[in-house]
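First to last, the sequence lines map onto chains A, B, C and D. Residue numbers for the first sequence follow the working numbering, so the first one is 1 and each next one is one higher. Residue numbers for the second sequence follow the working numbering, so the first one is 1 and each next one is one higher. Residue numbers for the third sequence follow the working numbering, so the first one is 1 and each next one is one higher. Residue numbers for the fourth sequence follow the working numbering, so the first one is 1 and each next one is one higher.
These aren't lab readings, by the way, just hints derived from the structure by calculation. Everything numeric in this text was worked out from a predicted model, so none of it was measured. A few of these clues could be false.
Cβ-Cβ distance ranges computed for the label pairs, FRET-style [to be verified]: (1) D/327 with A/213: 40 to 46 Å; (2) B/66 with D/330: 54 to 60 Å; (3) A/41 with D/327: 41 to 47 Å; (4) A/315 with B/20: 28 to 34 Å; (5) A/41 with C/40: 28 to 34 Å; (6) A/212 with D/125: 57 to 63 Å; (7) A/38 with D/328: 37 to 43 Å; (8) D/407 with A/184: 40 to 46 Å; (9) D/290 with C/19: 34 to 40 Å; (10) A/315 with C/405: 18 to 24 Å; (11) B/210 with C/74: 57 to 63 Å; (12) D/316 with A/213: 38 to 44 Å.
Stretch by stretch, here's where chain B covers chain D in the computed footprint (C-beta under 8 Å, at least three residues) [said to hold, decoys possible]: (13) 185-191; (14) 295-308; (15) 391-397.
All C-beta atoms, glycine included, are put in the ideal place defined by N, C-alpha and C.
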Amino acid sequence: MPNRTGACVASVRIWEFKIMAKMNMIQALNSALDNMMERDPDVISFGEDAGYFGGVFRVTANLQSKYGLDRSFDAPINEAAIMGMAIGMAAKGLKPVAEIQFSDYIFPGLDQIVSEMSRLRYRSAGQFTAPVVVRAPCGGGIRGGQTHSMSPEAFFTQVPGVQVVMPSNPYDAKGLLIAAIESPDPVIFFEPKRLYNGPFEGHSGGALSSWGKHPKGEVPEEHYSLPIGKAEVVREGSAVTIIAYGTLVLVAQAAAEKAGIDAEVIDLKTLVPYDLETIARSVNKTGRCIVAQEAPRTSGFAAELAAQVQEECFYALEAPIQRVTGWDTPYPHAHEWAYFPGPDRFINAMNAVLEA
Amino acid sequence: MPNRTGACVASVRIWEFKIMAKMNMIQALNSALDNMMERDPDVISFGEDAGYFGGVFRVTANLQSKYGLDRSFDAPINEAAIMGMAIGMAAKGLKPVAEIQFSDYIFPGLDQIVSEMSRLRYRSAGQFTAPVVVRAPCGGGIRGGQTHSMSPEAFFTQVPGVQVVMPSNPYDAKGLLIAAIESPDPVIFFEPKRLYNGPFEGHSGGALSSWGKHPKGEVPEEHYSLPIGKAEVVREGSAVTIIAYGTLVLVAQAAAEKAGIDAEVIDLKTLVPYDLETIARSVNKTGRCIVAQEAPRTSGFAAELAAQVQEECFYALEAPIQRVTGWDTPYPHAHEWAYFPGPDRFINAMNAVLEA
Amino acid sequence: MAHTEPRFHVPAPHVRPGDTPDFSHIAIPPAGEAKRPATDVAGMETRDLALGLVRVLDHNHQAVGEWDPKLDPDVLREGLRHMVLTRVYDDRMLKLQRQGKMSFYMKSTGEEAVAVAGAMAMQKSDMVFPSYRQQGILFARGRDIVDMMCHCISNSRDNLKGRQLPVHYTWAEGNFFSISGNLATQLPQAVGYAMACEYRGDGEIAATWIGDGSTAEGDFHGALVLASTYRAPVIVNVVNNQWAISTFQGIAAGDAPTFAYKGMGYGLASLRIDGNDFLAVYAATKWAAERARAGHGATVIEHFTYRADAHSTSDDPSGYRPKGENEIWPLGDPVERLKQHLIGLGEWDEERHAALEKELNEMVIASYKEAESHGTLHDGPLSPVESIFEDVYAEPDWRLRRQRQDLGV
Amino acid sequence: MAHTEPRFHVPAPHVRPGDTPDFSHIAIPPAGEAKRPATDVAGMETRDLALGLVRVLDHNHQAVGEWDPKLDPDVLREGLRHMVLTRVYDDRMLKLQRQGKMSFYMKSTGEEAVAVAGAMAMQKSDMVFPSYRQQGILFARGRDIVDMMCHCISNSRDNLKGRQLPVHYTWAEGNFFSISGNLATQLPQAVGYAMACEYRGDGEIAATWIGDGSTAEGDFHGALVLASTYRAPVIVNVVNNQWAISTFQGIAAGDAPTFAYKGMGYGLASLRIDGNDFLAVYAATKWAAERARAGHGATVIEHFTYRADAHSTSDDPSGYRPKGENEIWPLGDPVERLKQHLIGLGEWDEERHAALEKELNEMVIASYKEAESHGTLHDGPLSPVESIFEDVYAEPDWRLRRQRQDLGV
Ligand SMILES: Cc1ncc(C[n+]2csc(CCOP(=O)(O)OP(=O)(O)O)c2C)c(N)n1
Ligand SMILES: Cc1ncc(C[n+]2csc(CCOP(=O)(O)OP(=O)(O)O)c2C)c(N)n1
Ligand SMILES: [Mg+2]
Ligand SMILES: [Mg+2]
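Construct the entire structure; sequences and hints are all you get.
Below, the structure is given as structure tokens:
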């Protein structure tokens, strides 16, 4: 059972009995869509291969047979058209959940997100809105090479008007996807694909472990939501704060375990708007901070976090904030583990920060 | 006359006599193109309205009549196609300089930049390269509203494989554009359009001043280049370092003058790869730092600079690094001066940093 | 230094500044010739219409042929009124822009029929996704002119709170979508909206407008793929006014025979029509709207017209095309043609026309006075400064709240 | 819960898993029927060819009609050899992938003629911009098989230094452009390259390949706009193998009559051909190459074929289409058809064919042995780790130098 699930879920759990099930992240996301399509006839889902077949990662499996061709359908291979169609539908009051097959392929649709979806409310002064949810599997660790491994989240964190979310486990994935669908704002929802089938601690060689054995692999079958904008301290500690999201949350935890360092690990969950309060509380306590992202270093989201933390917690900081990131290169295929910021890089960073 | 033009120009000036002319930034850029098209038959220029008419800002004026229809031509309104065409031409050995009419409109072409232009050398292990120059007017201050005012540079600083340049005056504009065309790597070349016709110090009401009276408005008519990757200290000082690029370089200088603060102002010129050496030297001296960008705050390039500076100069820093930026909103039309980071916001930041 | 012959083909217009305007290369088939198929015709059967030119008003300004929508004179007079108002409004706004009253303006001179007749042939509950040159729709749908002006001068009553460039209107109440400065983006949005109409089953449809130059964008293609795949009830209007900014239609068209014909590549019903002929625009739109509403899918309509004035107030066409082209444009002027048609019918006369122009002129002048009483861009009042932090999200997050504080508002 | 009738149209294939494979809805015109126009024909005159199906080999495997390229038996045998090699190679690589020897693989089974005949009908100096399913080009151009395998197993001799997914080949020496994982991006690049050929005046042209599903991308449109506008010497091959991944061609095509017909919207010469007919592919490519080289511009060729196997090793088609479709595909198998044609000519026989298969099989097995001697993905040796920091830029900047240090290599 998740232990720190926030007020929202807690309050739900007071008045209804939850049937818990073991779910991997794919099942949890599918369950979120299923719950929402069941309760709200305006929720529809589409994308490349996302209809009949249920998505190349099967996140939308069985939705077409359950809810019909017009509520879960295949889209032509044109990401701009998919985004534009979703905006038009949302403007009419539907709640489209559009899948981008790999986040690497979101770029042909970026203009519709940056110039349209994000600004429709603003430029029309609230007359029209586009509360689309864009789902996109991201990140490496599956030998996908440079076009199936990107973590482009920072691009979206620069776009006023969209919220950006990335869960790190099935329980959060479901609760946050439901929150995203219920949000009045557009949400770019990144799914770390390396975590779809099991937790991953960054040891490339190891056997795939299962969400079934992980506390956050227990997921209520019913509807629940987690608040967008709230981070979670997933490991308490006093020596250093590690701020991470997605796959690296698990890697950071494992690295702290492995090194036996009393690190506090924050799972950010929402990148925009990020939970500065939780971050500042922790850094003010530990006085040391590491920010992590899988994307290339320069101008990644870790830079935003570092910039803000040094401003917010300057006088508490006892060492420079370290960034643990991918390199400023495309994601290589054969040497993907030399690129991926694994536990050793976290340990090095912790040592550097602690020795400073 | 520019006083700190770097070794490259200095050495050129030893052995040839330069005919200097007063040029605004448009003329300087046009002169760079003219020089390069004259000396290298592989240099070609194109874009929307960039051929016969010479560009909506006239940067490519007269190139078609001088060099022919096939060296300066109009392109269909499809930024992805323009980028793709440029990549194909560059792969064959030409040196395409492609204009994006406003940097706001670069997004439909972003995929070709992020997934193709930037990675061609890497993914082909050097067998093919795409040394395209993408010219794009950027920034606000011309009442362009949200679709003619963007500063999207940070998007490109996240893309391994492209260099990113933004000059702040005619002299640098010409020298850097020539360097960009001569670079073996793709260069995204941003032209702060508010500076095209004259220097601008951020006082919205004031009369337009002229580059003719500015030392950096004196520009050699001949070919010269400035090194990509080199910043310049444009105002020496010891109280605080302000790192800026483009329009905000002039605004920062004016703010320091106005407030009578002994600020050192660094004109970054190249964002990728940025000149960490010059930055660190200055911050280690002043112990205080302000980073500035016109783009919305979150995840802008100022965040990268702040993150790196705090890591590099942690023990020299006496106050938190402040960011002076646009707001996390689209660029508004009527209230553009409430959005634009003008001299007062710099002065506030300087005071904050100095009082800290 | 320049090669005399370019090494690859770059299309160029027939004439350039200094040359004599000349449209003799444009073939204009006689009015009344085009067949009007049933509205459930297969898209592929519209080939002749995609290559031809649907015209109703002949050179004597009489309505001829199968496409004559046989409108009541009251409807014709209403259309004339909207078109004259569009022109009067545009002219006045241009003058005011030149006087510094607004930052920017875009006229639709010569293209009034495209917007006005298009809007009148649809239901007011149908959503329109225009480009920046269909202000005629707003008049046809009865938007308050003072409101329009308040937007253009970005004052305290601007319904867009000063956030958008002038002419980038939004009017949800009138089912007029938010105009984007980014070309072609509205197209897939219109298709999505149209699909949502079917999903809702409310009998509504959508229409969108795009310029000749903008058809080159990927979103044009994406939208037609969607429209064809899902048989969406949408009308895609291509306004071929011969020019993008400084580039003529040949840069977007290449060797394509017509813009309408592009629709055929998607199996969509496709019509090329005389965009300066109120009756042709009305009839074609009515046909397409009926087709869409009956579930037979989308129609591409190319409106063959001419941009009689500059692209915008930032543009001076004398740099790239001969002066006076608009006067010899072979399809004439849409206002003049409808006026003459009505006169021919005995339903209108020069005096009434002069009176109409005078009335509308005065109304526009008076409206502007009223608009200015709510402020101007330069002297205010504007929307409150703090409004720049609103509507980014449904609720401002901590970043926006802090930034508002930083600005001290 | 599901509406029985969807509220908007969503196309679906005729049959799904569990159904009996059935292609009776596909009309196959007889071989030899299509006219072969002069290579300088106006694009618009190719309409019948865009709607028809150019076929040379008839049901008796005899070459008939105007499009018969009348190839020397040596050339036919060479083509057969390349096609058999492609298939043998694909089959072996699939097996090896299943054994964990490479991370990923994509076969081109059933589509060998598209790549092989296309490559053979061009000059080797012409640049090709393939998608990931035209490995046949590499065989036709004589690339070393060990090199290809070294790429696929990402070992120390991989000419892409392990940076790309398997099958995403680059081979500059053979004028084979770098394959992208991002669909359709190669199209405008090919057009730009072709324009640069004209600029250089070296008589070279370019060709590119794109899947049916990928034609929906904006870059397909952008490329055709460019090709039409600048009359670029480029061949745009649309490989309609009926499937994207799990979605059938109807999701991209919508109501379009054919993919070739899309070219008509740009005024381009457009041909729809039997993609499983080596001679038809050869003849059409030759025609288009001649046309391009003579300065008459681009051609769109739709290769009507069938993806006989899975999309990639990550895909299992039994989830979305009936098994056995490939066996009843009405245009048969390209290898078998060319083989029978040669046998019919008396220029080939079953024994020689069996011997060829055996020879190529052994060669492929031996090649793999050699390839493995340079390392495998899992056991190495790979390219040196520090090579991941090379080729990002011409020279690594301080960031990359530091990062390399951080990695300790
Ligand atoms: C994506 C994008 N690219 C470029 C521009 C700049 N631009 C504004 S209008 C215009 C010309 C459009 O011409 P056309 O589509 O023919 O429309 P018209 O103005 O003639 O109605 C251009 C290039 C833009 N607004 N958006
Ligand atoms: C821009 C982009 N979007 C999506 C994908 C994912 N994807 C890879 S192959 C494929 C199907 C392509 O089908 P088609 O074009 O018919 O080519 P085929 O595989 O049949 O040769 C998809 C959707 C991608 N690689 N790039
Ligand atoms: Mg136009
Ligand atoms: Mg396919």
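* Within 8 Å of chain B's CB atoms, at least three CB atoms from the segment 295-308 of chain D: coverage verdict -> violated (count 0)
* Asked: Does the Cβ-Cβ separation between residue 210 of chain B and residue 74 of chain C fall within 57 to 63 Å?
  -> About 59 Å separates the Cβ atoms of residue 210 of chain B and residue 74 of chain C, which means 57 to 63 Å holds.
* Does the segment 185-191 of chain D contain three or more residues whose Cβ lies closer than 8 Å to a Cβ of chain B? -> holds (count 6)
* Per the hint of 37 to 43 Å, is the separation of the Cβ atoms of residue 38 of chain A and residue 328 of chain D within bounds? -> With a Cβ separation near 40 Å, residue 38 of chain A and residue 328 of chain D satisfy 37 to 43 Å, so the hint holds.
* Asked: Is the distance from the Cβ of residue 41 of chain A to the Cβ of residue 327 of chain D consistent with 41 to 47 Å?
  -> holds, 43 Å
* Just tell me: holds or violated, for the beta carbon distance of residue 407 of chain D and residue 184 of chain A against 40 to 46 Å? => holds, 44 Å
* Using the beta carbons of residue 315 of chain A and residue 20 of chain B, state whether their distance is inside 28 to 34 Å or not. => Check failed, 51 Å falls outside 28 to 34 Å.
* Asked: Do three or more residues from the segment 391-397 of chain D put their C-beta atoms closer than 8 Å to C-beta atoms of chain B?
  -> holds (count 5)
* Are residue 316 of chain D and residue 213 of chain A spaced within 38 to 44 Å by their CB atoms? -> This hint is violated: roughly 27 Å between Cβ atoms.
* Cβ separation of residue 290 of chain D and residue 19 of chain C, checked against the hinted range 34 to 40 Å -> This hint holds: roughly 37 Å between Cβ atoms.
* To do: Given the hint of 28 to 34 Å, check if residue 41 of chain A and residue 40 of chain C actually sit that far apart at their C-beta atoms.
  => holds, 30 Å
* **Whether the CB-CB distance between residue 66 of chain B and residue 330 of chain D falls inside 54 to 60 Å** => holds, 58 Å
This entry does not satisfy hints 4, 12 and 14, going by the numbered hints stated previously.
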